[in-house]
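Colleague: Read off the chains here:
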Amino acid sequence: AQKVTQAQTEISVVEKEDVTLDCVYETRDTTYYLFWYKQPPSGELVFLIRRNSFDEQNEISGRYSWNFQKSTSSFNFTITASQVVDSAVYFCALTSSNTGKLIFGQGTTLQVKP
Amino acid sequence: DTGVSQNPRHKITKRGQNVTFRCDPISEHNRLYWYRQTLGQGPEFLTYFQNEAQLEKSRLLSDRFSAERPKGSFSTLEIQRTEQGDSAMYLCASSLAGTGAMNTEAFFGQGTRLTVV
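Chains as they are written, first to last, in this note's numbering: chain A, 1 to 114; chain B, 1001 to 1117.
Be careful, since some hints might not be right.
[Said to hold, decoys possible] Taking CB as the label site, the calculated pair distances span:
id : chain 1 : residue 1 : chain 2 : residue 2 : range
1  : A       : GLU59     : B       : ASP1063   : 42 to 52 Å
2  : B       : GLY1016   : A       : LYS70     : 47 to 57 Å
3  : B       : ARG1059   : A       : ALA81     : 35 to 45 Å
[Claimed, not checked] Under the rule of at most 30 Å between Cα atoms (straight-line distance), these lysine-lysine pairs were calculated in the DSBU-like manner:
id : chain 1 : residue 1 : chain 2 : residue 2
4  : A       : LYS113    : A       : LYS16
5  : B       : LYS1057   : B       : LYS1071
6  : A       : LYS113    : A       : LYS70
7  : B       : LYS1011   : B       : LYS1057
8  : B       : LYS1057   : A       : LYS3
9  : A       : LYS38     : B       : LYS1011
10 : A       : LYS113    : A       : LYS38
11 : A       : LYS38     : B       : LYS1057
[Claimed, not checked] Pulled a few chain B residues facing chain A out of the computed Cβ check, cut under 10 Å:
id : residue
12 : GLY1003
13 : ARG1009
14 : GLY1016
15 : TYR1033
16 : GLN1037
17 : GLY1040
18 : GLY1085
19 : MET1089
20 : THR1104
21 : PHE1107
22 : GLN1110
Note that these hints are calculated values from the structure, not bench results.
Note that beta-carbon positions come from the ideal geometry of N, C-alpha and C, so glycine has one too.
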């Protein structure tokens, strides 16, 4: 069975602090994709990143960075110098079938205070 | 094209009534997904289409739920005889996939929030 666990339910930081959102996944498949989505109060899930299981290189995009470690089945997301606009619910997701069906974690609510 | 569009954004209905939601995917996308999201939870897969064919349905999709995607364009999700437990956000997503290949990332609409009273 596949599973995604986001153990942090809510995180609150003050603007300009760095924050890391944790994601741990379970799958028996050797080929899979991991994703992060952002869900602002408007409700729409906004795609942030996709990473395949054969690419363990960390990625940086502006203030966002992702650390993928197969050895610990983790795909953590770090926001550097957080801003109020980063406040949202963040979801980690996994797919390993050709259907593209996503298995989501429960989400982490990030509140960035001014 | 501005992305995935869902209508209505909000729907309040009385228990026992039927409701229908519409999703217009990104035009060149051949895959369309429906998910359900309840408060404080991540989205859960309901069903998906490749072109007009419905290829997988979750066990969450009871007999009261039906989805269609005529002509492989827009899709509708109908819930018959609604129950209070159906209250949730219904999300639609679309993606582009080649034959036998892992598809691109899915893009989501803003969802339809259903409240059954």
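Colleague: For every hint, state whether the structure bears it out.
Modeller: These are the hints, each one checked on the structure:
The hint said 42 to 52 Å for the Cβ distance between GLU59(A) and ASP1063(B), and at roughly 44 Å that hint holds. Checking the proposed 47 to 57 Å range against GLY1016(B) and LYS70(A) shows it holds: the Cβ atoms sit about 50 Å from each other. Taken as a hint, the range 35 to 45 Å holds for the pair ARG1059(B) and ALA81(A), whose Cβ atoms sit roughly 44 Å apart. For a cut-off of 30 Å, the pair hint linking LYS113(A) to LYS16(A) stands: about 9 Å separates their Cα positions.
Taking the CA atoms of LYS1057(B) and LYS1071(B), the gap is near 19 Å; set against the 30 Å cutoff, the hint holds. With a C-alpha separation of about 33 Å, the suggested pair LYS113(A) and LYS70(A) falls outside the 30 Å cut-off, and the hint is violated. With a C-alpha separation of about 23 Å, the suggested pair LYS1011(B) and LYS1057(B) falls inside the 30 Å cut-off, and the hint holds. For a cut-off of 30 Å, the pair hint linking LYS1057(B) to LYS3(A) stands: about 19 Å separates their Cα positions.
Annotation: proposed proximity of LYS38(A) to LYS1011(B) holds, straight-line Cα distance about 24 Å (limit 30 Å). Between LYS113(A) and LYS38(A) the CA atoms are separated by roughly 18 Å; this keeps the pair inside 30 Å, and the hint holds. Proposed proximity of LYS38(A) and LYS1057(B) is supported: the alpha carbons are some 25 Å apart, at most 30 Å. With a least beta-carbon distance of about 8 Å to chain A, the hint placing GLY1003(B) at the interface is held under the 10 Å criterion.
Hint status for ARG1009(B): holds, given a least beta-carbon distance of 8 Å to chain A, under 10 Å. At about 26 Å, the closest approach between the beta carbon of GLY1016(B) and any beta carbon in chain A exceeds 10 Å, and the interface hint on this residue is violated. At its closest, the beta carbon of TYR1033(B) sits 7 Å from a beta carbon of chain A; the interface hint therefore holds under the 10 Å criterion. About 9 Å separates the beta-carbon of GLN1037(B) from the nearest beta-carbon of chain A, less than 10 Å, and the hint is met.
This hint holds: GLY1040(B) has a C-beta 7 Å from the nearest C-beta of chain A, less than the 10 Å allowed. Hint status for GLY1085(B) relative to chain A: violated, with the closest Cβ pair at about 19 Å, above 10 Å. The criterion of a C-beta within 10 Å of any C-beta in chain A is met by MET1089(B), whose closest approach is roughly 6 Å, and the hint holds. This hint holds: THR1104(B) has a C-beta 8 Å from the nearest C-beta of chain A, less than the 10 Å allowed.
Restraint check, PHE1107(B) versus chain A: the minimum CB separation of about 6 Å is within 10 Å; hint holds. Residue-level restraint check for GLN1110(B) holds (minimum Cβ-Cβ distance to chain A is 4 Å; threshold 10 Å).
In the structure shown, a violation is registered for the earlier hints numbered 6, 14 and 18, in ascending order.
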